[in-house]
Amino acid sequence: MAHQVSVFVENKPGRLEKVTGALGQAGINIRAMTLNSSSGGWGVLNLLVNHPAAAKDALSAAGFLTALHEIVVVEMTDQPGGLHEVVSLLARAGLNVENAYGTVLQNGRSAILVINVEKVAHAREILAAAGVRTLEDDAIYAI
Amino acid sequence: MNSYWQPDIETAAPDTLRAMQLQALRRTLAQAAQSPYYGELFRRLNFSPEQIRTRDDLRRLPFTTKDDLRGHFPYGFLAVPKAETIRLHCSSGTTGNPTVIFHNRHDLDSWANLVARSMYCAGARPDDVFQNICGYGLFTGGLGFQYGAERLGALTIPAGAGNSRRQIKLMQEFGTTVIHAIPSYLPRLREVFTELGLAPAKDTRLRVILSGAEPYTEETRRRLEAMFAPAKVFNSFGLTEMNGPGVAFECDCQNGLHVWEDAYLTEIVNPDTLEPVPDGELGELVFTSLDRQAMPILRYRTRDLTRFLTGPCPCGRTHRRLDRITGRSDDMFIIKGCNVFPMQIEQVLMRIPQAASDYLIVLETLGDNDELILQVEAHPEWFNGDFSKLEHVRQRIVREIHDEVLVTPIVQLVEPGSLPRAEGKAKRVDDRRRNGKTDF
Ligand SMILES: [Zn+2]
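Those protein sequences? They're chains H and C, same order as listed.
Count the first sequence with the numbering used here and you get residues 1 to 143, in order.
Count the second sequence with the numbering used here and you get residues 1 to 440, in order.
Keep in mind that the hints were calculated from the coordinates and are not lab data.
One should not assume that every hint holds.
[What the hints assert, rightly or not] Just a few of them, taken from the derived set where beta-carbon distance is under 10 Å, the chain C residues facing chain H:
hint, residue
1, Phe42
2, Leu45
3, Pro380
4, Phe383
5, Asn384
6, Val407
7, Thr408
8, Pro416
9, Ser418
[Claimed, not checked] Which residues of chain H face chain C? A partial, calculated answer using Cβ under 8 Å:
hint, residue
10, Gly40
11, Ala53
12, Tyr101
[Unchecked claim] Beta-carbon label-pair distances, calculated as ranges:
hint, chain 1, residue 1, chain 2, residue 2, range
13, C, Asp403, H, Lys18, 44 to 50 Å
14, H, Glu118, C, Ile334, 53 to 59 Å
15, C, Lys66, H, Gly14, 22 to 28 Å
16, H, His122, C, Glu219, 36 to 42 Å
17, C, Glu219, H, Thr20, 21 to 27 Å
18, C, Glu404, H, Glu118, 27 to 33 Å
19, H, Asp138, C, Glu381, 27 to 33 Å
20, C, Asp430, H, Thr20, 27 to 33 Å
Just so we're clear, the structure is a prediction, and the values are computed from it rather than from any experiment.
C-beta: ideal position from N, C-alpha, C; glycine also.
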């Protein structure tokens, strides 16, 4: 299973820095991050890190509202249409894809597709049946 | 089969009730004229009690406020010779003069009857055993219920406040069936039952709980009833300036409090314009005592907010019903032409599952408009990492606040623990507007 660490943050100066600071102090490496921003003055920061559980603890201790969120991660290939293909597989199975984003890992060579989808286990079975390989936590951080 | 303490009065036809009120009002005004304060006021306004033709004529007189009572401490409102008075009660005040209310024998007699009527209305009967679990002394809940329960004919245990183990022992030894306690004490009492390995349902004969003196919500009532099942909780309302308990009380239907209109003339006014609000609309309660001799008080502004509930009550009582108290008018603010009470906002938040109780209302001028900004601390229960789940909560708050106060708020979710907390009580409204600040 793969997890991202989701953090509730207010849109105000210094909050992002406080997140990265707390993780740095706990010795955690951030592989990728994205921010979903609401018009209500807040957002949810999604982090791919090397130790999700430890990251959650460190952020909770720093006073952040934090959750481990299960995700489906697919390593991107060079084939065109890769993103579309994966998302349509899930949509055809009636699974609601909350959002999906491609992100380039910090090594700059590999790209992954992170999919926020309901019923993660079911989603992984569907992808596996279609021959799409999903990555576990270890594999993502080892890239 | 409905039964009443005073069927003629409690089920009087509305016209009869109004005629009774008018007669009592004339008597009260004549009595009030005997006091230094109202005597002087009537002279200044060139007003004489005979000029009153309808209840509405009372509106020619100004309101009486707590400051007026304090400003004429201690005897300015006394309308009988001091020697005729037999008791006083004070309402708590932390600064300045206290508010003191004097009673003569008639007043105490009338008050005891109103409390007996109230208790009967909530289901207490002469063969009940009544335990009064609240402070005696200057606080009116002690002696007020004591005399009322005695008038009712119940066996009365003047237990006083505190010492929960002893309260439970008394309840067991004497088979207490009715208690009176403030709502915030009841959960503590229930805890002690558990500590003792006891449960109200099997170890007591408790069936009626009278509770008031602090505002509490319908949700709280249901929670208390679950704790003390099968006993039912009934809402009690009163204030020292209007004697104390026994001003308005819930009946078996638990759908609002019948205000005893033969003893209190009740107005609900817009706290801003001081004009009467239509039935069903929220406003400030104003009372005129109709059966008090030593210290009649006219058009007393309670600062308590509620509304008249419309329609007849299935219990058959014709005295109008008040909704439970939903806040204090001192807290009201005006935004986009609407009167808003922080309590309305709080009630909306209470409806959202796991609502964080921490919020701040910020009134701010953005561009040319004043905006109602509601900052709510995000609750851990709302957050499983999903952005959309939080956004749904936020949109639901926007929608429900709009439905309640008719102003579309800007709702901002903020991090837990980030809102300022004042000593003890959280600060709820921060008015940063350029113009049109309202007083709190
Ligand atoms: Zn009723």
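Per-residue hint verdict: C/Phe383, partner chain H, C-beta under 10 Å: holds (5 Å)
C-beta pair C/Asp403, H/Lys18: status relative to the range 44 to 50 Å that was hinted: violated (37 Å)
Supplied contact hint for C/Thr408, tested at 10 Å Cβ to chain H: Violated, because the Cβ-Cβ distance from C/Thr408 to chain H comes to roughly 13 Å (cut-off 10 Å).
Distance restraint hint 27 to 33 Å, applied to the beta-carbon atoms of H/Asp138 and C/Glu381: holds (31 Å)
Range agreement (Cβ of C/Ile334 with Cβ of H/Glu118, hint 53 to 59 Å): Hint violated: Cβ distance 44 Å, outside 53 to 59 Å.
Hint validity - H/Gly40 Cβ closer than 8 Å to any chain C Cβ: holds (5 Å)
Interface hint compliance - C/Leu45 to chain H, C-beta minimum distance less than 10 Å: violated (53 Å)
Hint status (Cβ of C/Pro380 to nearest Cβ of chain H, threshold 10 Å): Interface hint status for C/Pro380: holds (6 Å vs cutoff 10 Å).
Hint validity - C/Pro416 Cβ closer than 10 Å to any chain H Cβ: holds (6 Å)
Assessment of proposed distance window 27 to 33 Å (beta carbons of C/Glu404, H/Glu118): Between C/Glu404 and H/Glu118, where Cβ atoms are some 32 Å apart, the hint holds.
Outcome for the supplied range 22 to 28 Å, where the beta carbon pair is C/Lys66 and H/Gly14: This hint is violated: roughly 46 Å between Cβ atoms.
Outcome for the supplied range 36 to 42 Å, where the beta carbon pair is H/His122 and C/Glu219: Given a distance of about 37 Å, which is inside 36 to 42 Å, the answer is holds.
Consistency note: the structure conflicts with the earlier hints numbered 1, 2, 6, 7, 11, 12, 13, 14, 15, 17.
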